[in-house]
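K.L.:
Chain by chain, the residues run as shown.
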Amino acid sequence: MDEKEANKFELEWGGEIKPFYGPEDISGIDYQTDIGNPGEYPFVRGNHPQMYRSRPILQRVYSGFLSGEDTSARLNFLIEQGLRALSLALDLPTQLGLDSDDPKAEDEVGRIGVAIDTLQDMEDVFRGIDLSKVSTNITINALAPILLSMYVATAEKQGASREQINCIVQNDILKEYVVRGAWIFPPAPALRMTVDVIEYCARELPKCNPVSVSAGHMRSSGANAAQEIAWGFEIALAYIQTALDRGLDIEQVAPFITFTIHNKLNFLKEAAKYRAARRIWARIMRDRFGAKSQRSQILRVFGGGGMEDLTMQEPLNNIVRQALVVLGVVLGGAQALGISCYDEAYTIPSPEAQLISLRTGQIITEEANLAEVADPLGGSYYVEWLTSETEKAIIQIMDEIEASGGMVKAIDEGRIQRACAKEAYLRQRRIDSGEQVWVGANKYVSKEQEWDVKLHKYDPQIRKRQVEKLNRLRKERDNARVEKCLKELKQAAESGINIMPSTMEAVKAYATVGEMTKVLREVFSEFKEPAIV
Amino acid sequence: MSQVRTIRVLVGKPGLDGHDVGAKIVSMALKDAGMEVVYSGLHRTVDEIVEIALQEDVDVIGLSILSGAHLPIAQKLIKKLKDKGISDIPVVIGGVIPKKDIPLLKSYGVAEVCAFGTPLTEIVECIPKVARHLTN
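Which chain is which? The protein sequence lines are A and B, in order. Each residue of the first sequence is one higher than the one before, starting from 7 at the first, in the working numbering. Each residue of the second sequence is one higher than the one before, starting from 5 at the first, in the working numbering.
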């Protein structure tokens with residue numbers, strides 16, 4: 007082996023990886039205080055004593071396209087195939103508060119997610135799906151109050167009680183300024199809206215999770231594993247502190263915070279990352295915030311991702327890649343699982359690709375039974391050493407952010423954006439140089455130029471359909487009631503009280519996403535991006 | 005004799021998609037290669053992109069599109085450039101672009117397509133080849 011090859015054996019943030027590990031590498035670790043049994047502080051080995059035996063991992067398949075009816079048919083198909091939890095993809099106009107008839111929405115209605123203009127569309131999405139039983143994750147950030155209200159209103163119309171409604175809204179606005187870019191308002195009012203949702207859930211919706219801090223989106227956009235967790239935790243702490251400043255108790259807030267974490271393919275390193283993250287989080291919650299209950303100390307994770315590692319070349323190889331992602335999530339002890347599909351380097355997934363992604367999870371957990379024992383990697387010299395090394399790297403990054411004024415300031419100044427972009431640039435250069443192997447894409451590249459992939463098809467008629475539906479609704483609804491509700495929403499936004507109750511009323515009156523966002527935009531104004539490049 | 009000027013590239017994010025890591029790393033690579041980069045920022049309309057191209061007098065427009073809306077956006081942009089009399093500014097498109105769409109994009113008048121997975125070195129080499137002022 008030449009020297010160049012040997013250089014590859016290091017951690018993402020630097021530091022050598024040895025050829026093997028032994029007892030001396032974990033001599034400083036005490037089982038009782040640093041690891042503990044599953045279900046025991048600091049929860050390195052998992053949140054619950056029985057782990058997946060008592061709470062099977064919940065797989066979600068990110069779905070949504072065209073209209074509510076189109077999406078509903080797909081969700082019902084996946085449920086028939088054994089899907090037990092949902093993950094709803096919204097189109098970009100919905101995410102950015104534009105109705106389907108807005109000129110800016112022209113090319114994007116129903117394209118990468120379902121078009122939601124009003125409560126009527128949400129009702130159509132969940133037709134035939136019992137919202138008193140199913141759990142749904144909705145990827146909505148800037149407008150989480152509106153989409154959560156729509157989900158709750160739909161569930162209540164179906165007859166579900168508030169105690170039964172189980173919805174996770176991503177509602178992680180701070181990461182939108184770093185990556186993903188689905189922001190509307192400046193950070194201060196956006197943070198307030200995020201905490202409005204946290205407060206509302208803490209008081210009214212016991213089974214809903216108001217935030218899924220999307221550390222993973224930063225990972226997929228360049229961050230290394232330590233930055234992913236450190237930045238995600240610092241964002242979560244900003245939300246928690248804002249909620250505490252509002253008079254909520256840590257025991258009311260902490261159990262409602264969840265995380266989205268993304269994996270690369272080396273499932274040993276990824277599993278160690280989840281273990282390290284649980285240890286750090288439990289200690290922060292207990293020691294810094296005085297959280298006493300286990301519910302407040304444990305880290306709840308929706309694990310998966312991996313879309314940035316998919317190749318357009320030989321796309322079936324992506325099925326193998328996603329299986330490796332699943333292994334990291336399951337061996338890492340996450341609560342929920344969401345992987346991408348093999349055709350997503352091309353476009354949003356076809357039903358065939360979604361089915362394979364669902365089957366991948368089912369095969370690994372139910373057929374291979376890899377979920378039968380909690381934390382099977384625990385005690386491995388290598389994995390325990392990796393867990394400690396990852397922990398150290400995460401804590402160092404967190405300390406640096408806290409010493410320089412916290413995460414909101416770091417994002418305001420564009421520091422996290424720049425660090426993330428720099429890592430992504432370095433990754434791309436490693437791929438271009440061949441230092442980082444990407445099979446079929448930069449190594450073992452076949453001469454075959456076309457791959458026969460049956461791709462999802464967009465329907466260009468969707469906008470016309472959606473606008474007709476919207477116009478019909480605008481005629482049929484009680485417009486005086488809509489006006490009154492929008493006025494009340496504006497007053498709530500101006501006065502600083504929680505906007506959730508007035509958003510809920512406006513939603514129930516069939517106000518459109520665009521109408522509600524316009525009111526909020528008038529009060530909160532729009533975000534102006536700092537220059538990053 | 006006039007000096008050969010530095011190539012100015014507008015890296016644009018048209019439409020509502022906010023995934024800008026590709027736009028950022030391409031910008032960094034072009035800068036490292038000695039080019040000047042004007043980054044549009046997110047959520048830009050086609051009209052805004054053309055306006056920036058005019059004001060900044062760029063030699064190439066590079067668009068990063070991951071939303072699947074590359075065909076209608078490219079068509080509109082090329083038309084707008086013609087309307088404004090600056091159709092000599094070549095357009096290069098990157099992002100999530102299925103192979104079957106590349107001939108279509110070129111038929112609209114797109115100079116080059118650097119889809120997801122294209123090495124940065126190829127993108128950096130492609131820009132001077134298509135840039136206006138330097139060709140002809």
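Keep in mind the hints are simulated off the structure, nothing from the lab. Any given hint could be a false lead.
Unchecked claim - Cross-link-like lysine-lysine pairs, in silico, DSS-like; alpha carbons within 30 Å at most:
#, chain 1, residue 1, chain 2, residue 2
1, A, K449, B, K103
2, B, K83, A, K470
3, B, K110, A, K415
4, A, K524, B, K35
5, B, K84, A, K463
6, A, K398, A, K24
7, A, K470, B, K133
8, A, K453, B, K83
K.L.:
Check the hint pairing K398 (chain A) with K24 (chain A) against an upper bound of 30 Å on the C-alpha distance.
P.N.:
The hint holds at about 18 Å.
K.L.:
Quick one, are K83 (chain B) and K470 (chain A) close enough, alpha carbons at most 30 Å?
P.N.:
Within the cut-off at roughly 23 Å; holds.
K.L.:
Would the pair K84 (chain B) and K463 (chain A) pass a check requiring their Cα atoms to be no farther apart than 30 Å?
P.N.:
Status holds; Cα separation ~27 Å.
K.L.:
Is the hinted pair K453 (chain A) and K83 (chain B) satisfied, with a Cα-Cα distance of at most 30 Å?
P.N.:
violated, 36 Å
K.L.:
Measure nothing beyond the straight line between the CA atoms of K524 (chain A) and K35 (chain B); if it is 30 Å or shorter, mark the hint as holding.
P.N.:
Measuring from Cα to Cα gives roughly 38 Å; hence the hint is violated.
K.L.:
Starting from K449 (chain A), check that the Cα of K103 (chain B) is at most 30 Å away, please.
P.N.:
Roughly 20 Å separates the two Cα atoms, so the pair holds.
K.L.:
Checking one constraint from the list: CA of K470 (chain A) to CA of K133 (chain B), max 30 Å. Satisfied?
P.N.:
violated, 41 Å
K.L.:
Holds or violated: K110 (chain B) and K415 (chain A), Cα atoms, limit 30 Å.
P.N.:
At roughly 44 Å apart (the allowed maximum being 30 Å), K415 (chain A) and K110 (chain B) break the hint.
Consistency note: the structure conflicts with the earlier hints numbered 3, 4, 7, 8.
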